[in-house]
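Trainee: Listed here are the chains, written in short residue letters.
Protein chains: 2
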Amino acid sequence: MESVNGDSKVNSVETPEVVLKYSIPETLRRPVLIRSRVLMSAGPATPAARVTEVLSKPIMGLHNAETYQIMDEIKEGLKYFFQTTSPITFCSSGSGSSAMETVLINLLEEGDEILIGVIGSFGQRAVDIATRCGAKVRVLESKLGTSLLYEQIRAHVETHKPKLLFLVHGDSSTGVLQTLHNIGDVCRRNDCIFIVDAVSTLGVVELCVDAWKIDAAFSASQKTLGAPAGLAPITFGPRAWSKVLGRKTKVKSYFFDAVLLSKCWGCTDEPRFPHHTISAPILYGLREALADIIEQGTEGFRQKHLDNFQYLCEGLQAIGLELFVEKPEERLPTITSVRIPHGVKWPVVSDYLMQRYSLELSAGFGITEGLIFRIGILNANATHQKVDFVLRALYDGLKTTSNYIAPRPKIYY
Amino acid sequence: MESVNGDSKVNSVETPEVVLKYSIPETLRRPVLIRSRVLMSAGPATPAARVTEVLSKPIMGLHNAETYQIMDEIKEGLKYFFQTTSPITFCSSGSGSSAMETVLINLLEEGDEILIGVIGSFGQRAVDIATRCGAKVRVLESKLGTSLLYEQIRAHVETHKPKLLFLVHGDSSTGVLQTLHNIGDVCRRNDCIFIVDAVSTLGVVELCVDAWKIDAAFSASQKTLGAPAGLAPITFGPRAWSKVLGRKTKVKSYFFDAVLLSKCWGCTDEPRFPHHTISAPILYGLREALADIIEQGTEGFRQKHLDNFQYLCEGLQAIGLELFVEKPEERLPTITSVRIPHGVKWPVVSDYLMQRYSLELSAGFGITEGLIFRIGILNANATHQKVDFVLRALYDGLKTTSNYIAPRPKIYY
Chain S
135 MESVNGDSKV NSVETPEVVL KYSIPETLRR PVLIRSRVLM SAGPATPAAR
185 VTEVLSKPIM GLHNAETYQI MDEIKEGLKY FFQTTSPITF CSSGSGSSAM
235 ETVLINLLEE GDEILIGVIG SFGQRAVDIA TRCGAKVRVL ESKLGTSLLY
285 EQIRAHVETH KPKLLFLVHG DSSTGVLQTL HNIGDVCRRN DCIFIVDAVS
335 TLGVVELCVD AWKIDAAFSA SQKTLGAPAG LAPITFGPRA WSKVLGRKTK
385 VKSYFFDAVL LSKCWGCTDE PRFPHHTISA PILYGLREAL ADIIEQGTEG
435 FRQKHLDNFQ YLCEGLQAIG LELFVEKPEE RLPTITSVRI PHGVKWPVVS
485 DYLMQRYSLE LSAGFGITEG LIFRIGILNA NATHQKVDFV LRALYDGLKT
535 TSNYIAPRPK IYY
Chain H
135 MESVNGDSKV NSVETPEVVL KYSIPETLRR PVLIRSRVLM SAGPATPAAR
185 VTEVLSKPIM GLHNAETYQI MDEIKEGLKY FFQTTSPITF CSSGSGSSAM
235 ETVLINLLEE GDEILIGVIG SFGQRAVDIA TRCGAKVRVL ESKLGTSLLY
285 EQIRAHVETH KPKLLFLVHG DSSTGVLQTL HNIGDVCRRN DCIFIVDAVS
335 TLGVVELCVD AWKIDAAFSA SQKTLGAPAG LAPITFGPRA WSKVLGRKTK
385 VKSYFFDAVL LSKCWGCTDE PRFPHHTISA PILYGLREAL ADIIEQGTEG
435 FRQKHLDNFQ YLCEGLQAIG LELFVEKPEE RLPTITSVRI PHGVKWPVVS
485 DYLMQRYSLE LSAGFGITEG LIFRIGILNA NATHQKVDFV LRALYDGLKT
535 TSNYIAPRPK IYY
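Protein sequences appear in the order of chains S and H. With this note's numbering applied, the first sequence covers 135 to 547. With this note's numbering applied, the second sequence covers 135 to 547.
Any given hint might turn out to be false.
Pairs involving identical chains hold if they fit within one copy or between any two copies, as the list cannot separate such chains.
[Stated by the list, open to error] EDC-like, lysine to aspartate or glutamate: derived pairs with alpha carbons at most 16 Å apart:
#	residue 1	residue 2
1	K384	D262
2	K297	D344
3	K270	E244
4	K533	D325
It is worth saying that the hints were derived from the structure and are not from the lab.
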């Protein structure tokens with residue numbers, strides 16, 4: 135096989151012997167084990183029935199009229215949810231972090247200065263990504279469990295004149311909500327690109343990308359929108375897009391190159407570019423998830439989240455639990471952070487809830503690990519019935535696994 | 135809201151008025167349109183029934199025993215398919231290109247020299263990614279429609295001593311298969327890391343990662359394995375992993391940082407790290423896809439692809455079509471490239487096949503656009519019945535939409 139010459143330049147034609155050295159894993163001969171859960175964690179959400187159903191529909195290739203139509207419908211839906219008219223609205227394939235990375239690596243060039251507001255671990259993640267990009271990162275961090283103040287942000291933007299400002303609208307690691315009002319104006323006055331992480335807020339907490347002068351925003355399919363994970367909505371406004379198009383250096387990623395993604399999603403007049411194979415079931419699922427919210431009515435959808443969040447907060451306090459975020463206006467309505475009571479071992483409670491109630495809540499994450507646990511009210515689970523279930527289970531779990539003493543409110547039994 | 139001071143440091147408590155400026159897209163009020171296709175394109179594949187079925191099962195969170203078990207079963211299955219014992223075997227979230235990017239950006243540091251074998255557009259994509267990483271890229275390109283010769287590769291590795299060699303096992307853009315035999319030995323002798331793109335071959339064309347001294351390899355869920363797109367299998371052997379762990383600079387991506395991914399997938403003894411939200415339905419689907427092949431028997435699975443590929447080649451030639459890859463041993467058995475006959479407009483034929491037969495084939499891709507079309511025999515479609523259907527439809531399509539004149543073999547009617 136090593137000697138190759140003359141006209142008959144061929145590689146070895148013999149079929150090499152098949153070497154199956156490693157044996158077949160027996161565990162794959164058993165049926166898969168999937169359990170029904172009451173999924174009240176920080177995400178993914180339990181999808182609506184029509185979303186679940188569409189996941190099993192026939193797979194279509196990417197390059198045909200029906201798939202293009204589904205992608206176009208998703209784009210139109212996302213523009214509505216983001217409240218933007220920008221045609222540069224599409225999804226990256228991956229979780230919310232894939233969108234965070236897509237937005238940051240396309241907007242940042244080496245040495246660009248970015249101001250990142252940190253109200254939890256997802257701001258820290260943005261710091262990580264921006265640092266990997268070689269950006270000059272300035273961090274504005276709030277006291278744990280609080281949001282940043284408008285004045286602080288304004289002062290930092292005016293003093294340091296960063297090229298970009300990154301804020302997390304709702305940080306699910308702390309359950310803190312960041313108000314964004316008037317920040318867009320500050321950014322415009324200071325020639326600063328304004329980026330918003332709306333992973334835990336889109337569709338529930340008001341967000342008006344165009345009206346609020348937000349230049350780029352992103353979210354995820356598996357939180358409030360209630361699709362499975364796998365696609366992450368992104369929108370670039372004209373100022374941000376012009377920075378992307380004017381880059382001096384090539385983006386360090388092919389997979390998250392926003393110009394290629396915008397061509398893949400048919401955002402411009404250029405022919406569609408088959409940049410990567412998007413997952414067909416997740417496309418279907420996200421399309422149906424958006425359609426489901428629209429069918430329910432977007433205002434009713436938002437309101438049922440806010441109502442049940444209120445109901446949950448009252449219920450938690452009634453069984454003696456302390457909300458991690460003190461100020462009501464700084465509480466993220468989709469993911470509620472609760473202090474672990476003194477003497478309670480959260481992993482023990484969590485295991486109990488899983489075993490006894492098949493209930494999945496979330497532990498703390500990153501900077502809140504060991505300090506809090508988290509309850510998500512996302513999409514199909516935003517009902518009084520589910521909140522009641524969580525409160526009952528939680529009360530039982532705390533009482534049974536530790537010496538937790540609290541009033542036992544009649545309402546929960 | 136702009137004045138904030140004293141003890142009552144709060145952001146605005148008023149609920150801002152809801153500005154829903156852009157109207158709801160009416161298209162999302164209509165039912166989603168998904169058609170059943172005969173999906174014989176270069177990918178995605180039509181999944182087996184048990185794969186489709188599991189996609190609609192309840193979504194579980196990432197951090198529980200059942201999900202960990204599914205991930206562990208996938209890892210064990212992939213180790214078997216890759217024929218490796220390396221514990222550093224996991225998936226990136228995304229298509230095959232996400233795995234290509236993960237492998238390259240983690241193994242390459244700025245200035246590293248890499249030799250990339252180009253037998254089609256996917257080799258070119260590797261060149262693109264490596265260039266974005268700041269690597270010194272040397273390209274070894276084959277004549278279009280042929281593979282690289284062992285002697286050429288050996289000579290280049292010995293002369294230029296690149297730190298890494300990247301070969302595409304089967305390039306679906308050209309339908310060319312690259313033999314890999316003895317290349318691993320050449321790499322070991324020359325202290326070179328050997329990377330293989332097995333996106334279009336894993337499970338069908340023999341690939342023995344450990345025995346062939348391959349240091350890193352990757353694939354995709356939606357081709358031969360027959361799951362939906364969304365997860366891309368990757369394996370790093372000890373030599374490659376030690377280069378990753380010994381990096382002087384941080385990987386330029388958070389989402390594709392292999393060390394974080396390996397912790398997310400529980401590849402090491404360290405606690406699992408919730409790096410990103412993996413798509414639950416795709417996890418289920420890939421688990422079932424691997425289990426399905428194992429249930430069929432891996433040898434039978436491989437053989438049915440090879441048989442039907444042979445059957446397809448004969449059928450194509452019988453209706454007067456010319457295979458793009460001349461040498462039989464250089465033909466990729468999963469995706470067959472066929473020259474577009476003189477005077478035939480492929481988009482017209484393709485539209486006809488879609489309308490009349492709901493049959494999806496692929497056009498050329500990248501360097502073969504306008505030159506060839508492509509027929510995939512992937513997973514559930516590797517049957518004589520499906521091949522017959524394609525041949526009949528193709529014959530009809532060519533005859534009806536152009537002046538294509540060819541023998542009409544009895545067998546197809």
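Trainee: So, for every hint listed, does it hold in this structure?
Mentor: Taking the hints in turn, this is what the structure says about them:
1. With identical chains, the CA atoms of K384 and D262 are at most 16 Å apart between copies only, with a shortest distance of 10 Å across copies and 20 Å within one.
2. For the identical chains of this complex, K297 and D344 are neighbours neither inside a copy (19 Å) nor across copies (48 Å), given an alpha-carbon limit of 16 Å.
3. For the homomeric pair K270 and E244, the shortest alpha-carbon distance inside one copy (8 Å) is at most 16 Å, but the shortest distance between copies (19 Å) is not.
4. Taking the shortest Cα distances, K533 and D325 never come within 16 Å of each other, neither inside one copy (55 Å) nor across copies (61 Å).
This entry does not satisfy hints 2, 4, going by the numbered hints stated previously.
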